[in-house]
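Hey, can you work out the whole structure from these sequences and the hints?
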Amino acid sequence: MTSKTRIKVDHLTRVEGHGNIVVNINDGVVEKCEWQVPEAPRFFESMVRGRHYSEVARITSRICGICSIGHTLASVKASEDALGIKVSEQSWKLRELIKHAENFDSHILHINVLVAPDLLGAPSVFPLVATHADVVARALRLKRLAHEWGSLIGGRTTHPMSIVPGGMAAVPSTKELKELREKIIAAVPDIEAAVATVAALAPAVPAFDRPTEYIALSNDKDYGLYDGDIQSLLPDGTKSRYPVADYKSVTNEFVVPQSTAKYTKNKMDSYAAGALARFNNNYDRLHPKAKEVAELLGIQPICTNPYMNTVAQCVEAASDVYESLAILDELIAAGTELEPLVEPKKFGSGAGATEVPRGILFHEYAYDLEGMCLGGNCIIPTNQNHNNIQHDFDKLVPELIEQGKDEKEMELALEMLVRSYDPCISCSTHYLDVKFVR
Amino acid sequence: MAKKASKPKVAFFDFASCEGCQIELTNFGDAAFLELLNHVDIVEFREAMSEKTTEPIDVAFIEGSFTREADRARLESIRKRAAIVVSYGQCASGAGINALKNHQDDYKSFVYGADAEQPHLDSQKALPVSAAIKVDYAALGCPVNKYEVLQIIAHLLHGKEPVIPNYPVCVECKRRETVCRWDEDDHCLGMVARAGCSAPCPAYGVPCEACRGMIDKPNVAALEKVLVERAGFSQKRAAEKAFMFTAIDLEAVS
Numbered sequence: 000m001t002s003k004t005r006i007k008v009d010h011l012t013r014v015e016g017h018g019n020i021v022v023n024i025n026d027g028v029v030e031k032c033e034w035q036v037p038e039a040p041r042f043f044e045s046m047v048r049g050r051h052y053s054e055v056a057r058i059t060s061r062i063c064g065i066c067s068i069g070h071t072l073a074s075v076k077a078s079e080d081a082l083g084i085k086v087s088e089q090s091w092k093l094r095e096l097i098k099h100a101e102n103f104d105s106h107i108l109h110i111n112v113l114v115a116p117d118l119l120g121a122p123s124v125f126p127l128v129a130t131h132a133d134v135v136a137r138a139l140r141l142k143r144l145a146h147e148w149g150s151l152i153g154g155r156t157t158h159p160m161s162i163v164p165g166g167m168a169a170v171p172s173t174k175e176l177k178e179l180r181e182k183i184i185a186a187v188p189d190i191e192a193a194v195a196t197v198a199a200l201a202p203a204v205p206a207f208d209r210p211t212e213y214i215a216l217s218n219d220k221d222y223g224l225y226d227g228d229i230q231s232l233l234p235d236g237t238k239s240r241y242p243v244a245d246y247k248s249v250t251n252e253f254v255v256p257q258s259t260a261k262y263t264k265n266k267m268d269s270y271a272a273g274a275l276a277r278f279n280n281n282y283d284r285l286h287p288k289a290k291e292v293a294e295l296l297g298i299q300p301i302c303t304n305p306y307m308n309t310v311a312q313c314v315e316a317a318s319d320v321y322e323s324l325a326i327l328d329e330l331i332a333a334g335t336e337l338e339p340l341v342e343p344k345k346f347g348s349g350a351g352a353t354e355v356p357r358g359i360l361f362h363e364y365a366y367d368l369e370g371m372c373l374g375g376n377c378i379i380p381t382n383q384n385h386n387n388i389q390h391d392f393d394k395l396v397p398e399l400i401e402q403g404k405d406e407k408e409m410e411l412a413l414e415m416l417v418r419s420y421d422p423c424i425s426c427s428t429h430y431l432d433v434k435f436v437r
Numbered sequence: 000m001a002k003k004a005s006k007p008k009v010a011f012f013d014f015a016s017c018e019g020c021q022i023e024l025t026n027f028g029d030a031a032f033l034e035l036l037n038h039v040d041i042v043e044f045r046e047a048m049s050e051k052t053t054e055p056i057d058v059a060f061i062e063g064s065f066t067r068e069a070d071r072a073r074l075e076s077i078r079k080r081a082a083i084v085v086s087y088g089q090c091a092s093g094a095g096i097n098a099l100k101n102h103q104d105d106y107k108s109f110v111y112g113a114d115a116e117q118p119h120l121d122s123q124k125a126l127p128v129s130a131a132i133k134v135d136y137a138a139l140g141c142p143v144n145k146y147e148v149l150q151i152i153a154h155l156l157h158g159k160e161p162v163i164p165n166y167p168v169c170v171e172c173k174r175r176e177t178v179c180r181w182d183e184d185d186h187c188l189g190m191v192a193r194a195g196c197s198a199p200c201p202a203y204g205v206p207c208e209a210c211r212g213m214i215d216k217p218n219v220a221a222l223e224k225v226l227v228e229r230a231g232f233s234q235k236r237a238a239e240k241a242f243m244f245t246a247i248d249l250e251a252v253s
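Each protein sequence line maps, in turn, to chains A and B.
In terms of numbering that gives the first Met the number 0, the first sequence has 185 at position 186, counting the first letter as 1, and numbering is strictly consecutive.
In terms of numbering that gives the first Met the number 0, the second sequence has 1 at position 2, counting the first letter as 1, and numbering is strictly consecutive.
Be aware that a few hints might be false.
What the hints assert, rightly or not - Below, a list of computed lysine to aspartate or glutamate pairs in the EDC-like style, where the Cα atoms sit at most 20 angstroms apart: (1) B:K235 <-> B:E223; (2) B:K173 <-> B:D135; (3) B:K235 <-> A:E178; (4) B:K107 <-> A:E252; (5) B:K216 <-> B:E239; (6) A:K31 <-> A:D405; (7) A:K92 <-> A:D9; (8) B:K51 <-> A:E338; (9) B:K235 <-> A:D367; (10) A:K182 <-> B:D29; (11) A:K288 <-> A:D221.
It is worth saying that the hints were derived from the structure and are not from the lab.
Structural data, given as structure tokens:
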């Protein structure tokens, strides 16, 4: 039997940005198996040069429409590090609250709109409007909640306005925070129903394991979504921590010919960032209610199946809700007021990191004595996952051949793998298409 | 579009952008979004669906800037299939944030170092989509104002011309009774910036950055003067202040 399989998916769908999958198999031998990133590069690190520190986050927010809150936060944190600024407790809590809003928003979108069609056997969410009207309406209601949640704090969720170096340029009233708290509590039945839907679909998640290194922010107080040190977790359970300032010694970026996005590696051949990496690193500090969701969904650390990232996202969505209710209680008890922005104490360089829905995000800037930016560096989570996706492909394709999968089945398995990472390619171009050739 | 037996076919395409304007479509909640689907068929939307079509489409929304000659053919094929092309968001309508690099000549080597000349990293000046193909209407802003987008779609469904304001953002701040940034010891571009966004930025404590571009015939000299004299900017910073979203307005596209 001579068989040639050629899989070629140009501009993979239901992902943010552009990526291609190319696999050539000749008589069962893999000749080429590539995850390619052709997204048009956009040069943000260069574009911030000559801009005032108050404008830089407004520019780098535009790296990504989905994680613009996270880009704004990482950017502002890096600038504050460079300018010697420490923000107030109120600003810190409001930023944590909007970080949860973004994580919840993005995970709800990814689980319901981008992944659910694969598990329900549909090409997109639109046919589901007829066949699964309740699921779609619920997803849209939860999306709307996330949007209102983030907008209350940031002004809007795509390119938020109020998060600025020195604190918050606008602050919601205690009354508005109470209303948000009521809205989130009212949405709990929708959230529980969404968890039940994912629990019902969980058996359709493909079985595949590839132990890798998992990197996420980590601290000793909470799940580490907004802040922490960099933590590496190896498959044997070894953990090591690095200060954010040393991020380059963890990311070790390099350029490869099939990608406009740079690749990264640390202790192993590749590492994973994202919900699964966070879950594996920070399970101990997961909210007790979210641990119950994890148990219901059948996921426990160290989980080495990359397809389970979507399930980890569902656990995190629950965590975002319960952690935010606690933050809201604290903010409401203290009462909110508009505070003056903290002024720069120095002008130098600094780095900042936060966890965005797809994983750990680093920004770094240098400023001159007028507060004008000399240059920046941004390392996006999807970038950090490209190399891990390539290594997953290298292990998965021979396994699929072994299992006697046909071209369509292989193509779907690879597309679903990439989608499970929830890649955000515009961001990373510094990414999605599948091309198979058999 | 005249009344048709079937719903108009609408498609979304993306080029160099953050895709945030497409994400804005998911922020309506169930009522508005499901109602929209009662009036149009979304036939292609790579970010949200696997279905692709080669059929003619009634309205193509294109997000993102034209930054690579390699993208011209894709733009031309969209133009051939689409009765109406709408540039969707500021990157497509005026090159947007991407045009910040048009003021630099070393952006490739700055980001990619010694690898800068590898062919797949090619990127030219960021240009609006209209530099490659004819564009019929524009949804401005970074991000788009999602309610204005619904209005544009409603106008097109009724065969009307969408109207884009040609008055400054200051008008909208007055309308919503926002205290002027200049009265808060800040600066602002609102007086030359094109309105239509409902002025959300000053209402959230930050200056307008003219993300919808400028009004027709903006008095740029007066803007620079006030930035120097009242905000204490250096002449250079004042001259470059409006580059963030309006590089194309200020520099001839060539």
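**Hint check against the structure, violated hint numbers in rising order** = 2, 3, 7 and 8
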